[in-house]
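Chains as they are written, first to last, in numbering that gives the first Met the number 0: chain A, 0 to 193; chain B, 0 to 193.
Just so you know, these hints were derived from the structure itself, not from any lab. Treat the hints with caution; some may be incorrect.
Claimed, not checked - Non-contacting residues of chain B with respect to chain A, defined by C-beta distances greater than 12 Å in every case (computed):
(1) Ser31
(2) Gln128
(3) Leu129
Said to hold, decoys possible - Have a look at the derived ranges for each label pair, beta carbon to beta carbon:
(4) Arg48/A <-> Glu29/B: 20 to 26 Å
(5) Val121/B <-> Arg6/A: 48 to 54 Å
(6) Arg48/A <-> Asp179/B: 18 to 24 Å
Each residue gets a CB set at the ideal place from its N, CA and C atoms; glycine is no exception.
Spelled out, the chains give:
There are 2 protein chains.
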Amino acid sequence: MQRPGGRSARVRSAVHTAVLELLEARSWEELSVPLVAEVSGVHQATIYRRWGTMSALLNDVVNEWSASTASLPRTGSLRDDLHIYAAAVAKSLRDGNVPLILRAVVLEIHPGERRKASPAFVERERQLQLMLDQSEERGEAVPTLTELLELVVAPLYFYALFTEPRTEAEAARLVDRLLDIVAHRGPDATAASS
Amino acid sequence: MQRPGGRSARVRSAVHTAVLELLEARSWEELSVPLVAEVSGVHQATIYRRWGTMSALLNDVVNEWSASTASLPRTGSLRDDLHIYAAAVAKSLRDGNVPLILRAVVLEIHPGERRKASPAFVERERQLQLMLDQSEERGEAVPTLTELLELVVAPLYFYALFTEPRTEAEAARLVDRLLDIVAHRGPDATAASS
Numbered sequence: 000m001q002r003p004g005g006r007s008a009r010v011r012s013a014v015h016t017a018v019l020e021l022l023e024a025r026s027w028e029e030l031s032v033p034l035v036a037e038v039s040g041v042h043q044a045t046i047y048r049r050w051g052t053m054s055a056l057l058n059d060v061v062n063e064w065s066a067s068t069a070s071l072p073r074t075g076s077l078r079d080d081l082h083i084y085a086a087a088v089a090k091s092l093r094d095g096n097v098p099l100i101l102r103a104v105v106l107e108i109h110p111g112e113r114r115k116a117s118p119a120f121v122e123r124e125r126q127l128q129l130m131l132d133q134s135e136e137r138g139e140a141v142p143t144l145t146e147l148l149e150l151v152v153a154p155l156y157f158y159a160l161f162t163e164p165r166t167e168a169e170a171a172r173l174v175d176r177l178l179d180i181v182a183h184r185g186p187d188a189t190a191a192s193s
Numbered sequence: 000m001q002r003p004g005g006r007s008a009r010v011r012s013a014v015h016t017a018v019l020e021l022l023e024a025r026s027w028e029e030l031s032v033p034l035v036a037e038v039s040g041v042h043q044a045t046i047y048r049r050w051g052t053m054s055a056l057l058n059d060v061v062n063e064w065s066a067s068t069a070s071l072p073r074t075g076s077l078r079d080d081l082h083i084y085a086a087a088v089a090k091s092l093r094d095g096n097v098p099l100i101l102r103a104v105v106l107e108i109h110p111g112e113r114r115k116a117s118p119a120f121v122e123r124e125r126q127l128q129l130m131l132d133q134s135e136e137r138g139e140a141v142p143t144l145t146e147l148l149e150l151v152v153a154p155l156y157f158y159a160l161f162t163e164p165r166t167e168a169e170a171a172r173l174v175d176r177l178l179d180i181v182a183h184r185g186p187d188a189t190a191a192s193s
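All chains should be built: construct the whole structure from the sequences, respecting the hints.
Rendered as structure tokens:
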């Protein structure tokens, strides 16, 4: 909706940085456009004109994260790829801005409304499916994308949200269990599991 | 902090009901003590005196849910117990107040702070461990509590938060996969997995 670059890009960056700082330091009750204005040094009127509401602003922060998700590893071994990927998920849930982004995602859940998968999740799933497809072409026994999400990603997010984020070693354990399950059923049984 | 029963209990109930209605109908930006007062018909001053902040009020709603969690099934078969339990989790994530409570739990996450497991989760885990212990005493091959949480509960919550809540049939599929994993390693290998 705005031309990229120049003043517009600087304003967006300052405002996003302020939102992440506030998500980290303040209770959700305190999040507000006036406070974002104060922390970012951008005029309230500018923020209201560009984003409209605090809620729309949070969505924009989430979308920017989506656009900047790193590409996945391609080591030539599915186990290595998955270890690197799961360690990166665990690490991002332990530090950096992802827990804050996750919090913004959840703040934007509107109960009773049909969810729209965030662009970040859609793109990440596309990349993971590609990783699995390439592994299958190499003749490896592969899990389905659903299995990968349920057995590795879901527990990491569950722990990060409701108890304590897990270590990279714990993430590796989840990957190894997934691959054990796949190994038990052999390379030709993948289709039967979905 | 307040004596139970009488006017105090009626006020608490009216205020909690109003919070759940607002969590369902409004954006988090709109949640406020004045709005709770308006919807519940309880004076703002009373709410401030009793709970202090909107955040403390949300915590109280979560704690009441915790105290009222239903007891778990005891059918004499772990598979049946787990099917009933997982179906109940899936159902509660599809309708009722649990998605709203879950939203309140996440609103109360303070990034960077060490998490304290909610009393609801602690009590539920205690009950699940008891279910597993009783099954093991009957000579069944049982998963660890960690496996149950990671392979059944975590995916159900993950889907409910980030995509779509799953059906009872999907919950049953998660239970069956868990028990397949346990069956593959046999009844004496439980300890090796934790």
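These are the hints, each one checked on the structure:
no.: 1; hint: Ser31; in the structure: 8 Å, violated
no.: 2; hint: Gln128; in the structure: 15 Å, holds
no.: 3; hint: Leu129; in the structure: 20 Å, holds
no.: 4; hint: Arg48/A <-> Glu29/B: 20 to 26 Å; in the structure: 21 Å, holds
no.: 5; hint: Val121/B <-> Arg6/A: 48 to 54 Å; in the structure: 51 Å, holds
no.: 6; hint: Arg48/A <-> Asp179/B: 18 to 24 Å; in the structure: 56 Å, violated
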